[in-house]
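Q: Please model the complete structure; the sequences and the hints are all you need to start from.
So the chains spell out like this:
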Amino acid sequence: MPQDATIVRFEDVSLHYGETPALDHLSFSMKPGETSIVLGAAGSGKTMLLKCAVGLVKPDSGRVFLFGEDVTPWTETQMFAMREKVGILFQEGGLFDSLTIAENVAYPLENRPVSAEEKLSEAEIMERVSESLRFVELEHTLEKFPSELSGGMRRRVGIARAVVTRPPLVLYDSPTAGLDPITANTIINLIIKERDLRNTAAIMVTHRFLDGHLMANFRYNPNNGNVEPHNVDHLATGTEDTAVSTRFLVMNEGRLVFEGSERELLASPDPYVQKFCKPGTS
Amino acid sequence: MLDFLKQPIETFQEFLFLSGRAFRNIFRSPHYADDILLQMDIIGVGSLFIVTLIGFFSGVVMSLQMSRALATYGAQGKIGEIVSITLVRELGPVLTAVLVAGRNASGIASEIGSMRVTEQIDAMRALGTDPVQKLVTPRLIATAVVLPLLTIIADFIGLLGGGLIASTMMNISFDQYWNSAWRILEYNDLVQGLVKPFLFALVIALVGCYYGIHTSGGTQGVGRATTKAVVVASVWVFVITSLLDPLFVNLQ
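Sequence order for the protein chains is E and L. Reminder that position 167 of the first sequence reads as 788 in the working numbering, one-by-one numbering, no gaps. Reminder that position 170 of the second sequence reads as 162 in the working numbering, one-by-one numbering, no gaps.
It is worth saying that the hints were derived from the structure and are not from the lab. Given the structure is predicted, the values throughout are model-derived calculations rather than measurements. All residues carry an ideal CB built from backbone N, CA and C; glycine is no exception. Careful: at least some of the hints might be erroneous.
Pairs of lysine to aspartate or glutamate, EDC-like flavour, derived with a Cα cap of 20 Å [claimed, not checked]:
1. L/126 - E/731
2. E/679 - L/114
3. L/126 - E/718
4. L/126 - L/33
Chain E is nowhere near these chain L residues, computed Cβ spacing over 10 Å in every case [said to hold, decoys possible]:
5. 40
6. 42
7. 70
8. 194
A: In structure tokens form, the structure reads like this:
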């Protein structure tokens, strides 16, 4: 068996909800450090793709590979160990509303299925939690509850929780849905920062073409902490050209109808695909 | 032809799967002792006031209503025995269970249901926690411990209520009432009065958790799940007590 260099691979995955196909013979793969932007109409299977990738939902047929391993037959308990390497941001944040922000962000660290020696101490956990919250600029909210924060802030805490275990793969489910343009761009800037500082691979499901456009054409500048277009003359931190490593996938009723770079997406003759290519749409 | 049975049987099957996992998890770590204690507080201490109140008044009402019928036979002295047997064997366990089902099966279903529709259950799974271990098993253990205790309290307070009526309105001394009340009880009655609450507790907790976990459809779904949980739990309480009664009567 050849060495599998992919980080995520779907092989002919199908999933049905009763009669309707949520995923229809879906095949794609992603290498470490790449970003996949998944566009598509509501109900086209985008969220199902994410849930399948992390094993929350099992496909009816086909295989799912994570980090080169076939996780399709794995039990829930076996998946727990794998999920430490996959951060996930749910739509609406998915925070636990009866826990404080600090407890929410600490959750993945406290529930790691590791032995007692490998478990982090309270102090180490707090350090990582503060670091994560500082990353999303919400360090002052440690003792608050999710209901006390705005939607955008909750989304940012969700990101902090998703990256606190420093996973090599992060899944974002509609990170900008329901947010005003300014807050939405703040969220995308954080995701770009995460990608460029830690070289994480990402699958982002979104309804905004602009999100994908920003991911493909902007990068984080560690010298001044800004997110800038990548043809500006400065050093990026060791990743490939983001225009090449950002791929767009368009889904229609569970099927993948387009896969390629931004340039190919804009040049596609398919009218359905064209619907998603309006820069500046929010 | 029997298609209409498909849905209930599937539901029952899923319920049995959930119950099996919940029981199995009792013997697996991690054990969420904090959650168990918290649930015991919510379900037990929280229901204490209303169980005491209803228990007291059911004893009072029984005494009052029985007194007339007993008077026709001049058998008012028997009131202690009647209240005691009825409460301990049947009314105490069933009333308490129905009360706790109304109060807590609904609370459990709505809390877990709300978590389900806000993706918190999926978040738990994605972050390495088994939702059954963390949410269902603690509630199961807590209710199983707490409901028999609540039933005992309800029985006791109910007997006191009956005694109050007997001594104030029926010219029976409290001592006579109380003595006859506890003398009539046999081992069989006590076992029945404690086994039933235990079984009721399992039903209440598992039904509440089942409908919570299988909620779908947003806030309306949570409302539906809560209603179903209370109705189904209450119905099963009565079904179980009806099935168990002949068994215990024959064991006498």
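Q: Each hint should be assessed against the structure and marked as holding or not.
A: These are the hints, each one checked on the structure:
no., hint, in the structure
1, L/126 - E/731, "holds, 14 Å"
2, E/679 - L/114, "holds, 13 Å"
3, L/126 - E/718, "holds, 15 Å"
4, L/126 - L/33, "holds, 17 Å"
5, 40, "holds, 23 Å"
6, 42, "holds, 24 Å"
7, 70, "holds, 52 Å"
8, 194, "holds, 24 Å"
Hint compliance for this structure: every hint is met.
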